[in-house]
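Chemist: The residues making up each chain are set out below.
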Amino acid sequence: MSNAQKKSIELASYLDRLFPILRSITGNGVRETFLILSEIIPYDVLEFPSGTKVFDWEIPPEWNVEKAQIKDDLGNVLVDVDDHPLHILNYSIPFSGTVSLNELQDHLYSLPERPEAIPYVSSYYKERWGMCVSEQQRQALKPGNYRVDIQTSLDPNGSLSIAEYVIPGRSKKEILFTAYSCHPGMGNDEMGGMIALTLLADRLLKKKNFYTYRFLLHPETIGSISYLAHRGKELKQNLHAGHVIANICWEQPFNAKRSRCGGKVDQILEYVLKHERYEQGVLNDFSPLASDERQYCSPGFNLPVCSIWRGDPYFQEYHSSLDSKEKISTDAIWETVDFFEEICSSHEMNLTYQNLFPDCEPQLGKRGLYPTIGASSRRTQELEALLWVLNLSDGNHDLLQIAKKSATSLKIISEAAQKCEQAGLLVSICK
Amino acid sequence: MSNAQKKSIELASYLDRLFPILRSITGNGVRETFLILSEIIPYDVLEFPSGTKVFDWEIPPEWNVEKAQIKDDLGNVLVDVDDHPLHILNYSIPFSGTVSLNELQDHLYSLPERPEAIPYVSSYYKERWGMCVSEQQRQALKPGNYRVDIQTSLDPNGSLSIAEYVIPGRSKKEILFTAYSCHPGMGNDEMGGMIALTLLADRLLKKKNFYTYRFLLHPETIGSISYLAHRGKELKQNLHAGHVIANICWEQPFNAKRSRCGGKVDQILEYVLKHERYEQGVLNDFSPLASDERQYCSPGFNLPVCSIWRGDPYFQEYHSSLDSKEKISTDAIWETVDFFEEICSSHEMNLTYQNLFPDCEPQLGKRGLYPTIGASSRRTQELEALLWVLNLSDGNHDLLQIAKKSATSLKIISEAAQKCEQAGLLVSICK
Amino acid sequence: MSNAQKKSIELASYLDRLFPILRSITGNGVRETFLILSEIIPYDVLEFPSGTKVFDWEIPPEWNVEKAQIKDDLGNVLVDVDDHPLHILNYSIPFSGTVSLNELQDHLYSLPERPEAIPYVSSYYKERWGMCVSEQQRQALKPGNYRVDIQTSLDPNGSLSIAEYVIPGRSKKEILFTAYSCHPGMGNDEMGGMIALTLLADRLLKKKNFYTYRFLLHPETIGSISYLAHRGKELKQNLHAGHVIANICWEQPFNAKRSRCGGKVDQILEYVLKHERYEQGVLNDFSPLASDERQYCSPGFNLPVCSIWRGDPYFQEYHSSLDSKEKISTDAIWETVDFFEEICSSHEMNLTYQNLFPDCEPQLGKRGLYPTIGASSRRTQELEALLWVLNLSDGNHDLLQIAKKSATSLKIISEAAQKCEQAGLLVSICK
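Residue numbers (the numbering used here), protein chains in the order written: chain D, 1 to 431; chain C, 1 to 431; chain S, 1 to 431.
Rather than coming from a laboratory, the hints here were simulated on the basis of the structure.
The reader is advised that the hints may include incorrect statements.
It does not matter which identical chain is meant; a pair holds if it fits inside one copy or across any two.
What the hints assert, rightly or not - Taking lysine-lysine and the PhoX-like style, the derived pairs with C-alpha atoms no more than 25 Å apart in a straight line are:
1) K366 - K53
2) K264 - K405
3) K126 - K366
4) K419 - K126
5) K405 - K274
6) K264 - K411
Excised from the complex, chain D in its bound form:
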């Protein structure tokens, strides 16, 4: 069995263990998830107490679920959260009692347009009880009485959990990857992000990095708000590039959305998306509409944070049980890790240098960097890259700009810069 095969089987077993866990914006399901992922990368788990004010918001009570069932009057269990974590209205308050079909209908959530799907519905900030069912299940209910047994707790002394892992680099400047951890029982729209980031961290841990890498798993919206209340100022000082990740489990083109503030995060994204194997992807303009970039890119923070996903963000199975574990592709997850690694290595290459011999060209021949014989043959791309790097390393051009102007790959430009640095001609001015 090849190493790749072994790793895929290992990945599949993680998916099997993580998928059935009932996650929400708080609660033990999230902690259990972080514990499993910590077998790969030893995450720190930060706990933010319920009731804490975070900007305009307040961290809600911690929600946990003991049991959630609907039985008919014969005692047959018709709906059970143990069958699928989507069966409970996320953040449902407890309720036990017998209700008529009419009354029950008001507390059931289904999708008439996708009759076989259990929808993902939540009510975090308004107290409601409810269960989510497929439209088929709803249609099968006959007039009569139903026994509802929702045993949940909403603990004002609980907390919200965030997993964080940092790989220090030579620079204090950070590259951030974040995925959300609050969606239960859905594969593409949630689970994949957490696991891809964890696998990326595992890879970067084995490298010598210039940048510091930060990995964050937190619930959508209230999670990023809590984290920004906690460490937003530091991020403002040090964040070089951030990436909000979603929907990366299917073999579809990589798409992305620019940050609100622009700059290097977008430029590297643009560069990588032009690589032949990613060129089907689309780089969209910024919008404050989708996930945690709404918080990271709020005008008060305006952090260099972009978003990355695969395929259509409004896919057919979105926010329902149709986004199943079976549809996850482990190959797609590995491709995603490769894509993220490409982004990271591009940032690592994209330094800015100062030419120490700015007046005329330095004499490259005497340093072994240039042929000592002049002839009619054209220079190699590698030789031309030296001239480009020396000419534009005035402190105002990063290597990506030089690569663009010279129509050369960032890799060749970066190698030329390193040769010049070794020869004492250039010095990096990145800190």
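Using the hints, position chains C and S against chain D.
Modeler: Showing chains C and S alone in chain D's frame:
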């Protein structure tokens, strides 16, 4: 009879009264015109004395016409200013005498390429006597003597008249509309501008406006120069957007020309001209060539003043009696008033706000601005508009920029901003 | 015989005299060349001593060639520098001795892909001996011994020669033309540049110029480095536009490359290349790859220097004896001089003015610049040019920008500016 029909009949009767008046850059014809228009809007009439230095110019003597005729030697009146106000060379000095045909020819102005047209010719700053005739009239003249009787006065103690009307708004910032008042006996190229502005003022008077609106009727060139000498400094401080109007009486596409300095005046013009019903129009780059924008946009003032007209500025009938009253369309004039009103209401909507909750999103749910239940359905455009407005209201984006970035109409964006303002989330920073 | 014919015969005789001279980056061949060109323009010849440090480089010993031959063992001369100056490896050290064919092969340079061509090969900074032959000559050599007799001197007390000529203008601001003087026995890639510049200088000398014109002939790379070490600071202060010239002897489109810093040098180039007769040419983006712009545009100097050449820079005959005297077109050289003159006259026209009457238009009629009679005819382009120049002469627009905005030729705009200047309306703010 509908209200619209009544208004059109009323408008037609104004046109009947205004058309025959002999206007020029000074004189009683202009005052009479302003008096009639003041039945709709009570204009202030400013008088600038002849001889006043205005920048590099001097206000000329006031010109009035008593009589202007050419008779043949049998005493038949061949040309008479009472038949058409274009028959006199505008600003002709007085002359009475008998002249040979040869001598007369030097003082006649006609258009060989449009033989039936009386041309509009003027000589404001050089003393000449003359009459304007159709080429057909000129060709019919036979050798012999002609009796010329031009009774005009050029009064060094006269004055130049400008009509002005101001509708104060909540802001000192002004939106200006100006049309010229000096062209006699032509419908499209003059009379329409004055009347459309007056009808616009009548409408705006009935609204609560943020901006202060200023309406100016003055002769071309010397009129705007005189006004700028009088109030140019104040305009420099307060002018938000200005519009020089011409040729709006025919049912043709609305065209416009950008201001010299760019900015909001042009952006709103661009926005309105993209509306479906105006999309045949062309927004031209600035040029210092046509009418009073030559003065308003001179480099020393460089005011945010654009130009608006309909159709081809070099239309066939231009500056001749072919630009007749009969060709005026009252529908076209009403359309023009609508177009101007659209510009005004777009400016009124295009405010700039500051988000009072810039760090992460404010919690919209608790303010009733966001659903308390999370589900799979897409957000409405109205809901997305709230997020756009909050995200970009950092003091650097006006609502038009937000509308463009979000591909939403200014109206929806403006309504979202008002909702946020009412909820205490935004505050307008326009003064 | 026409004057043009006479001048072409004269030019051809200069080519005959200059072509056979053995030039290099130093040595008597260069001095002899400058002496001949000084019959047209009295160049100053600057001498930079061997051994002088110039930035990161050192001026090499002066190289001169007495004799360079290869004979077979029968005493037949097989290769002789007197037959073609390319036959010696440029900067070959002296060597006399009998060598086997095998040993000789290591010291011969030829071009297998162009078997009839003698290549141009140099080894300025590494000591080598060698001869350059056609591949056909090489193939004809039979096993045996060969007598090599290379009598060259490398004088550490010699010097590097640069020819300079300055035509002072009213302004201290300079326009520079430079061509290289180091390539022996090639027509297009060298000789033409020197002679075209000299002929241009001859023309400009007969004009009254606003700008100061500087003409420089120097060896590539070490020549520009030496000159910049000598006068780079002054160039930084005064250089308005510089042009590095190469390959202008063949009737091919004029191509150019932008400067590194952009600005007027590029704008004028762009403007001239849009002229109908030059529109086949291409204006390339800056690259630090070809000739002396690598030094003039090094980041420490970043001078406004562009490059100009004709045809494909990687032409078939490049750096070999195929770039022969016979392929030179004297017509092409004259066309080149015309092209350069067009660039110069465009710079001369492209002044920047300040309007002394910036508030409203000045009254042109009273200054005889505008008709005193107003009529329906359209204004001439010359009249409109006056309005454009006055409106945009706010100190921030040069005449080329005004020409572009008004879609008028620079010539008409310049004439309008001169009229306004004569009327006391404008003043030039170029120094």
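Chemist: Hint by hint, say whether it matches the structure.
Modeler: Evaluation of the provided hints:
Proximity of K366 and K53 under a CA criterion of 25 Å is satisfied inter-copy only: 14 Å between copies versus 65 Å inside one chain copy. In this assembly of identical chains, the alpha carbons of K264 and K405 lie at most 25 Å apart whether taken from the same copy (16 Å) or from different copies (21 Å). Taking the closest pair of Cα atoms, K126 and K366 come within 25 Å of each other only across two copies (9 Å); inside a single copy the shortest separation is 75 Å, beyond that limit. When the C-alpha separation of K419 and K126 is checked against a cutoff of 25 Å, the pair qualifies only between copies, where the shortest distance is 22 Å, while the shortest distance within a copy is 61 Å.
Taking the closest pair of Cα atoms, K405 and K274 come within 25 Å of each other both inside a single copy (15 Å) and across two copies (24 Å). With identical chains, the CA atoms of K264 and K411 are at most 25 Å apart within one copy only, with a shortest distance of 17 Å there and 35 Å across copies.
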